[in-house]
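Trainee: Sequence:
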Amino acid sequence: MIRAASLRGFGPLVRGLGGDPGELLRRFGLDPTALTSDDALVPITSHDRMLDAAARELSCPDFGLRLAASQDITILGPIAVAIEASETVWEALACASRFMFIHSPALSVSVEPDPRGARGVIALAYRKDLRESTYSPQAIELGIALMHRIAASILGDRYGLRSVELSHPPQSSVERYREYFGAEVGFGGPVAALRAQSALLDETFEGANAAIRERALAHLASRVDPRMTTEAQVRLAVADLLGSAPSSLDRVARLLRMHPRTLQRRLADEGTTFARAVDDVRRDAAHRYLTTTDLPLTQVAALVGFAEQSALTRAVRRWEGASPRAVRRSTPG
1 MIRAASLRGF GPLVRGLGGD PGELLRRFGL DPTALTSDDA LVPITSHDRM
51 LDAAARELSC PDFGLRLAAS QDITILGPIA VAIEASETVW EALACASRFM
101 FIHSPALSVS VEPDPRGARG VIALAYRKDL RESTYSPQAI ELGIALMHRI
151 AASILGDRYG LRSVELSHPP QSSVERYREY FGAEVGFGGP VAALRAQSAL
201 LDETFEGANA AIRERALAHL ASRVDPRMTT EAQVRLAVAD LLGSAPSSLD
251 RVARLLRMHP RTLQRRLADE GTTFARAVDD VRRDAAHRYL TTTDLPLTQV
301 AALVGFAEQS ALTRAVRRWE GASPRAVRRS TPG
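Here the sequence shown is numbered in UniProt numbering, starting from 1 and rising by one per residue.
Any given hint might turn out to be false.
As the list claims (entries may be wrong) - Simulated restraints, written as ranges between beta carbons of each label pair:
#: 1; residue 1: Asp202; residue 2: Thr229; range: 27 to 35 Å
#: 2; residue 1: Ala311; residue 2: Asp202; range: 16 to 24 Å
#: 3; residue 1: Arg314; residue 2: Ala118; range: 44 to 52 Å
#: 4; residue 1: Thr229; residue 2: Ser330; range: 29 to 37 Å
#: 5; residue 1: Gly29; residue 2: Tyr135; range: 30 to 38 Å
#: 6; residue 1: Thr204; residue 2: Pro296; range: 15 to 23 Å
#: 7; residue 1: Phe187; residue 2: Arg15; range: 38 to 46 Å
#: 8; residue 1: Ala152; residue 2: Glu132; range: 49 to 57 Å
It should be emphasised that the hints constitute simulated quantities derived from the structure, not laboratory data. Just so you know, even glycine gets a beta-carbon here, dropped at the ideal spot from N, CA and C.
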């Protein structure tokens, strides 16, 4: 499913192209009243197939890009509140990654190594779980274009977009993509993503508000994806706290709305422990920072939750069998 907010602007766009939005919705088994209720849930496969059909039948190959132009961060509902109250881009992305299932369980955003292998560059990836629903070029373009609009509106000139990556061939002219994104666009890559300098993660938001963010996160945490294991919930919560607040058992248990002993018992039932989950998240984050950025090791240590660089060095030797500098040197780029 996906929240009907994703169709905001669909009616006016279709009518402006000479089409009938109600007929399209009914043909794909969707209730036309979904256009007036952001929180209504619609099947994501029908939603995406309808976007592809609208682009084809209305001779509008940039349909997804046009639809994104009429949307903004508010289509994410309560997730938007937590994002806008975050202190840094990293915190905002961690929040979006952790709670995107509320918008649609089939969609995800994440920070990943640059698919082109450039040092100091990261990919803000946008994915659809193809086990849940079929691939849709127009829906992917809608999602990545909306991510671009949100980043540009919040960060302005600090955004520094390097290029855009799409997994499918061009749906409209390459010039149209360049006009929309203001940057180079590559096609046929492994993932849809926005490429930017890794320093972007440290950019701060003027509207940061720790109290509002804490309340928003508590509200979002009460809407846990029922399909998610306790270990996965813990890993997401720790990743959200990493570098900004201690990832203690009590704090994470409070975010997940359960007693610490209950949390420990559920993790034990899944064959793991809280300490192991925290260690795994730190390991993944440290590897990402060491292999995709040039951040000083003292800063990497702080970002993964260590008070001292020496603690990072000991941990990386345990995880990787080498020092942090050796891990960084061994990465191509």
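Trainee: Compare the structure with each hint and give your call.
Mentor: Hints and how they fare:
{"no.": "1", "hint": "Asp202 <-> Thr229: 27 to 35 Å", "result": "holds (31 Å)"}
{"no.": "2", "hint": "Ala311 <-> Asp202: 16 to 24 Å", "result": "holds (21 Å)"}
{"no.": "3", "hint": "Arg314 <-> Ala118: 44 to 52 Å", "result": "violated (30 Å)"}
{"no.": "4", "hint": "Thr229 <-> Ser330: 29 to 37 Å", "result": "holds (32 Å)"}
{"no.": "5", "hint": "Gly29 <-> Tyr135: 30 to 38 Å", "result": "violated (20 Å)"}
{"no.": "6", "hint": "Thr204 <-> Pro296: 15 to 23 Å", "result": "holds (18 Å)"}
{"no.": "7", "hint": "Phe187 <-> Arg15: 38 to 46 Å", "result": "violated (30 Å)"}
{"no.": "8", "hint": "Ala152 <-> Glu132: 49 to 57 Å", "result": "violated (29 Å)"}
In summary, the numbered hints that this structure violates are 3, 5, 7, 8.
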